[in-house]
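J.: So you can see what is in the structure, the chains are spelled out below.
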Amino acid sequence: METVTLTVKQVPDLYLECENVNPDAFAGKTAEQIAKMGAYQGKEISTLGEFFTIAGNAGATAADTKIVINGDCTKMKYIGAKMTAGEVVVNSACDMYTGSWMKGGKLTVNGDVHSFCALAMAGGEFTINGNAGNYLGAAYRGDWRGMSGGVLRVKGNAGSDVASFMTGGTMIIDGDVDIHLGTHMEGGKIILKGNANRRVGGQLVKGEIYVFGKINVMMPGYKPSGEVDLEVDGTKATFIDYTGDLGERHPKRKGATVYGHLFMKK
Amino acid sequence: MPKDVTDVICPFCGTLCDDVVVTVSDDNKTILSVKNACAIGAEKFNHQRLPGRVKRPRMRQPDGTYKEVSYDEAIDWTAKMLVKSRKTLMYGWASTSCQAMSIGHEIAEKVGGIVDNCATVCHGSSLIAIEDVGVPSCTLGEVKNRADRVIFWGCNPAHAHPRHMSRYSIFPRGFFTVKGHKGRKIYCVDCRYTDTAKCADTFIQVQQGFDYELLDAFRTAARGEALPDTVGGVPKEKIYEVVEELKGGRFGIIFFGMGLTHTMGRNHNIDEAICLTRDMNDFTKFVIMAMRGHWNVTGSGQVLGWQYGFPYAVDLSRRDQARHQTGETTSVDLLNRNEVEACFYIATDPGAHFPINAMISSSKKPTVTIDPHINCTTEISDVHIPVAMVGVEVGGCAYRMDNVPIETRKVVEPPEGMLTDEEVLTKINNRVDELLAKGGA
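Chains as they are written, first to last, in this note's numbering: chain P, 1 to 266; chain B, 1001 to 1441.
Hints listed in this document are in silico derivations from the structure and should not be mistaken for laboratory results. Note that the structure is predicted; figures quoted are calculated from it, not measured. For every residue, glycine included, the Cβ atom is placed at its ideal position computed from N, Cα and C. Hints may be right or wrong, so weigh each one.
As the list claims (entries may be wrong) - Here are a few chain B residues that face chain P, going by a calculated C-beta distance under 8 Å:
no., residue
1, A1217
2, T1220
3, M1264
4, R1319
Unchecked claim - Beta-carbon label-pair distances, calculated as ranges:
no., chain 1, residue 1, chain 2, residue 2, range
5, P, N110, B, K1247, 54 to 62 Å
6, B, S1102, P, P224, 50 to 58 Å
7, P, A256, B, S1102, 49 to 57 Å
8, P, L230, B, A1352, 48 to 56 Å
Put together the whole structure using the sequences plus the hints.
T.: The following block contains the structure:
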């Protein structure tokens, strides 16, 4: 695997749209060619070379390409967005849309990310070694398909509207979340190690949410239906199984109604 | 001799009352009196004759004072600012005509601006919910003629839309609602006992920030499922009772306002209310409508939606594609994050409504305001271009809160030499063309 190292040499005045910073766009390019790739700052198109020092050539394919980014990326949007293979490591906090629409590969952010990250993520591994903002793994505005595959891990806390319209994949959050976790969820699995503020699983159709901590206010549409012993992300414990959201429509499978499940650790 | 102008459209709120009678002076220059309008609407017309109106553009001087300049000078300054800035916020539009908006959008496409309207601090969250789950709605005429279950959720038309209740929602006798108020059951859900609540048959006092839970409880009850003893401070018996009454109606409507859009969860509250409306259609006819504020904010959503597919916060910085993301391309976020280089405000007053930090950020950028009046925003602008009042001194198309287009009427002549929004924007557009042809500012 070939490694391309980007080092931020100039922090943009406005926010830089780094749609080209991913293994798919870099594949088969030399450091010089990468430096000439475009990046928008408002309506003005600049080159990546103006903002980054670029060392190393990319591999022949995305899968053979690793990108390491050093320096202050807090004003960089779309890093690793739409990547399908390869690896990206960012040693900084990042702005919006980091890892959004990613389909494969491995993305690691050693810092915080802003809102709208992992939006409609369909595959791959995304690890955030910091906190995440709002709309993590949610759907794009107006879309009914949020995160649908892959594994998303957050070491810190996440904001509100996390995993809205989630349809598949696994999301593991070690810290706490704010309001609206898994709203409109239609599949997939959320493991929350910390506490949730309120409105967990509102309008949830299908899918599973595991909460290790507390929920400030439980949604009225959830009903306890027994206790189960489960192993969740390496932890064995007894969980109370709530079915819901009983206010929402639910599909039928083989004559039986399919409900979503909210497991609260005892 | 003074004369009456009848069937005037009131350019104040989203109700767009169309039965106002305005008496104007013989020379067609002064409004003498206003009939049929509410107190706020009448004031909008009466503003026209107030002394001290700014009649020519003003430009900020190095010492901080304003100096009168010509329209051409102000337009040239504005066009240069728009062409130079890499990202411009073009906010407002809610109190101008759809024709003016469309010219503004043409400018925005050329200069890569971000077009946003007052929905961003008002019913924007309703629009997000509509993007997410759609909306079963109707016209206000249908409400007047058919509705027998009317819910006011988190809105207070008695103060914000004063003639709404008498023209459409509570008191009028319609084709199928011949008994008027007596034939309707009125519900008010609010965290306070408002003046609208005084007109309601049933008042449900919800704990602040518990609308989402209560709406979910209504949906759960409609499906016949069990509920906890109380939800948001409302006993479950009350919830079951109201749901049964709603199911028993022939035509139900939910009107909602800032109590849903600007409390915890915002768009999710509307989303849940729309889903409740959808669910109630399993039992009877049910619709939902946003109580839009500014008289033509709906029009801005319509024009933007028709041209770009998004109703507000449309980012045209890529010129060949429109992008929209509430939280990113919305005015307050753009200003708070310092994501724009210049501000262009038209037909609204963000200075009076935006959070202070956003306006502090705005005040540090080149700013142009196009507005008939002196307001909080003109005080932090570099250029203030006064224009004729749309709906009073010039006509134009507007959309009522139920998305019905209504052509507003000119009642009096604007002050001599004063341009309209359309004229100013056309001149800016032409100047932008000239600058771009020369290769920039």
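J.: Please flag the earlier hints that this structure goes against, numbers listed from lowest up.
T.: none
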